[in-house]
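Asks: Sequence:
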Amino acid sequence: MKTLELQGEVKQMDTKRCSRILFPVLFVLMINSFSINVYAQDQAQVSQKEIQEIVGLMEDPEKREAFLQNLKSLQRLKVSDHAAEVKLAAKPVETKKRRVLFIEYLFVRFETLTGKVMQAAASTSKLLARSPQAYNEVTAFFSNPNNIKQFIKLLANLAAAIAIALITWFLIGKREKKLVVRSRKLVRKIIMFFPRLLLKLVPYGMVLISLFFLFRMFPSHPTGHALVLVFFTVLFFYRMILETFRILLAPDANRKRILPFSDENANYLWVWVIRFAHISAFYFVVTRMLMVAGIDTQIQSFIRGLLLILFPFMINVFILQIARELRAKYEPAQQNGEQNSEEIPKKTIPLFIRYFPVLTIVYVWAIFLFLIVNFEKGFGHLFSATLWTVAVLIGLSLFMRINERLFKRFFTINERVKKKFPGLEAKTNRYLMVLNKSTKITLVIISTGIIAQIWGIPVSIFVSSHAGTLIILRAIAILITVGFVIAVMETSQMIKEHLLKNKDQISQKRKTLVPMIITTIKIVTGFIGGIVILDRLGINTTPILAGAGIVGLAVGFGSQTLVKDLINGLFILFEESIRVGDYTDLGKNEGMVEAVGLRTIRLRDVSGDYHVVPNSSIETITNKSKEFSKTVIDIGVAYREDADEIMEIMREVGNEVREDPEYGPNILEDIEILGLQRFDDSAIVIRARMKTKPLKQWGLRREFNRRIKRIFDERGIEIPFPHRTIYMGEPKQGPAAPLHLQMEGKNQ
Numbered sequence: 001m002k003t004l005e006l007q008g009e010v011k012q013m014d015t016k017r018c019s020r021i022l023f024p025v026l027f028v029l030m031i032n033s034f035s036i037n038v039y040a041q042d043q044a045q046v047s048q049k050e051i052q053e054i055v056g057l058m059e060d061p062e063k064r065e066a067f068l069q070n071l072k073s074l075q076r077l078k079v080s081d082h083a084a085e086v087k088l089a090a091k092p093v094e095t096k097k098r099r100v101l102f103i104e105y106l107f108v109r110f111e112t113l114t115g116k117v118m119q120a121a122a123s124t125s126k127l128l129a130r131s132p133q134a135y136n137e138v139t140a141f142f143s144n145p146n147n148i149k150q151f152i153k154l155l156a157n158l159a160a161a162i163a164i165a166l167i168t169w170f171l172i173g174k175r176e177k178k179l180v181v182r183s184r185k186l187v188r189k190i191i192m193f194f195p196r197l198l199l200k201l202v203p204y205g206m207v208l209i210s211l212f213f214l215f216r217m218f219p220s221h222p223t224g225h226a227l228v229l230v231f232f233t234v235l236f237f238y239r240m241i242l243e244t245f246r247i248l249l250a251p252d253a254n255r256k257r258i259l260p261f262s263d264e265n266a267n268y269l270w271v272w273v274i275r276f277a278h279i280s281a282f283y284f285v286v287t288r289m290l291m292v293a294g295i296d297t298q299i300q301s302f303i304r305g306l307l308l309i310l311f312p313f314m315i316n317v318f319i320l321q322i323a324r325e326l327r328a329k330y331e332p333a334q335q336n337g338e339q340n341s342e343e344i345p346k347k348t349i350p351l352f353i354r355y356f357p358v359l360t361i362v363y364v365w366a367i368f369l370f371l372i373v374n375f376e377k378g379f380g381h382l383f384s385a386t387l388w389t390v391a392v393l394i395g396l397s398l399f400m401r402i403n404e405r406l407f408k409r410f411f412t413i414n415e416r417v418k419k420k421f422p423g424l425e426a427k428t429n430r431y432l433m434v435l436n437k438s439t440k441i442t443l444v445i446i447s448t449g450i451i452a453q454i455w456g457i458p459v460s461i462f463v464s465s466h467a468g469t470l471i472i473l474r475a476i477a478i479l480i481t482v483g484f485v486i487a488v489m490e491t492s493q494m495i496k497e498h499l500l501k502n503k504d505q506i507s508q509k510r511k512t513l514v515p516m517i518i519t520t521i522k523i524v525t526g527f528i529g530g531i532v533i534l535d536r537l538g539i540n541t542t543p544i545l546a547g548a549g550i551v552g553l554a555v556g557f558g559s560q561t562l563v564k565d566l567i568n569g570l571f572i573l574f575e576e577s578i579r580v581g582d583y584t585d586l587g588k589n590e591g592m593v594e595a596v597g598l599r600t601i602r603l604r605d606v607s608g609d610y611h612v613v614p615n616s617s618i619e620t621i622t623n624k625s626k627e628f629s630k631t632v633i634d635i636g637v638a639y640r641e642d643a644d645e646i647m648e649i650m651r652e653v654g655n656e657v658r659e660d661p662e663y664g665p666n667i668l669e670d671i672e673i674l675g676l677q678r679f680d681d682s683a684i685v686i687r688a689r690m691k692t693k694p695l696k697q698w699g700l701r702r703e704f705n706r707r708i709k710r711i712f713d714e715r716g717i718e719i720p721f722p723h724r725t726i727y728m729g730e731p732k733q734g735p736a737a738p739l740h741l742q743m744e745g746k747n748q
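Counting from 1, one number per residue, gives the positions in the sequence shown under the numbering used here.
Keep in mind that the hints were calculated from the coordinates and are not lab data. Just to be clear, a hint being listed does not mean it is correct.
[Said to hold, decoys possible] Straight line, CA to CA, 27 Å or less: simulated DSSO-like cross-link-like pairs of lysine-lysine:
#  : residue 1 : residue 2
1  : Lys624    : Lys564
2  : Lys588    : Lys696
3  : Lys511    : Lys329
4  : Lys501    : Lys511
5  : Lys522    : Lys564
6  : Lys511    : Lys522
7  : Lys624    : Lys522
8  : Lys696    : Lys709
9  : Lys501    : Lys522
10 : Lys624    : Lys588
11 : Lys709    : Lys511
12 : Lys630    : Lys691
13 : Lys691    : Lys624
14 : Lys691    : Lys626
15 : Lys200    : Lys189
Could you put the whole structure together from the sequences, leaning on the hints where they help?
Replies: In structure tokens form, the structure reads like this:
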């Protein structure tokens, strides 16, 4: 209900607002036209007096000579004042040598714009300054009874025409109500569109027809006739536009609406239609009446420009409002993933929503600037350039699709091969994607150049010039260099992946040296490519190379320890003294090797401590797990035990351990009994040795000791505690002196 009431008020206000604006304009311009005619008569009389003075001037030889000198001086001033016009006129002569670009013509065309605007503003200010004089002229005009009679006749004709229109409106009002569409079918609404529009416009058409015949039958003032006809012609088209959109949008009743808009959108568009219709009607009334009234063309252009400047501002506001609504509608849907990729392209819609307001605003301002400065050629170029730009973009899109389909058709692997070799497609298409993107970039660059040429940017002249050719050749050389660098890097990466394919089976030397060599190749290739690119760009690379040499020399002197680390690391890697996973003794530190680098070796000992040892500090490397290991077993027994029996027991235990399914696979050879190794203070030591797999020697030794202890316990073989026998010695004469011991304790 609120919408209906609002639209009812808007409908009533349309005619009221139009009457408030247009009828005062009509009255003022009619009065002003009469004053302009009086002013023209005065100007004609003054011109007659000047002609008589010129005749007298030409009869006097002295005055005639002075007059000729003044004319020559004026001619020289005219030549200097119109330098821009001469320059513009001289442009077609240059076309014999080369085609004048539109952008050059446009710049020359706008050179004199400021001067013309200033002249038009000055003329307009002079016209406004004549307002008191015009008032006196109007008063003098109406003081003439004949003029009053003509004016009254004009008003009578106007009143009669309006009366005829009102009668017509009253007669057809009932028929118009009968044509109200009650059906919701679109075809019915379209069929009734033209009869409804015709009945709406009949009263306004009757005003024009009546005025035409009344002015023929009862002529009054020709200028007044023209002004009135202009006003009601504009009013007719104004009402035609409003009634057309009122029927199409039907803001007050959605049942009558032809266009598929919601109530809110229909009312929104209706408000903007009213705004544009009002300002358009005001513009045409003022400009056409100024033309009919015979106002100076400069003043007409100035006022016309002031009125036209309102249109782009209003259109910009309308475009920005539409863009904001579109962003609010589509951007949340894209963020939530609601759009269907088959129905709405994921990239085209966001780009269009983001950039169409900018392009549209630029177009609007270009069109109205051409209108303001009366630059008719600009419309043709703008229209043709737009069409060609659209054609180029369509062609670009077509070629993009063809390119994509060709790549998919000729380079796609079928599903059977994909399932059999899962990683084959990624390998074969790795560089095809680069080629595909390069083709697309080339198409975009060519299209951009064509569009720039269409819009007047001298791309073809630049390309055909010496500088343009040089730039293009250097750009091609840079692209070739970049392609070569990428090819070398990708090839080295492929070699690296191939050499390090089976990580469990490759040596530590390969693990370390291959990445280092590949990285060095990439760095050197990138450096050389960068030097070549800088040289193609015109940059002197000699200072860069000299500076790099000096920096390298300084780094070499300042980092001797680092160089020593690197050299030692290279020898360690080449000789394969140690590998990751070996148990190594480096003098001060020992442990499991976790990393072997060019500068350091990283160890982790039994306690879990992590050691980083610089290669330059390594003097001796003891690798306890290279290829195989040997565990040395020393068994100490009491002096009273039989050494041969102990050796036989050790051989039995060694054979038993080798036959064990858990420990046997780690023993490479039978136990080797080396024999009685030494005599200690309280025991004899018998040594044996077993050859084992790397890093298995310690576990086997512990298992051997466990089993030997069990057998010694079973057979009563003594593993002596450390003890000492004290010998008091014997004197040469007599027995040894007795040793007195005193026992202390509770049970003494």
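Asks: Could you tell me which of the hints above the structure violates, numbers in ascending order?
Replies: 3, 7 and 11
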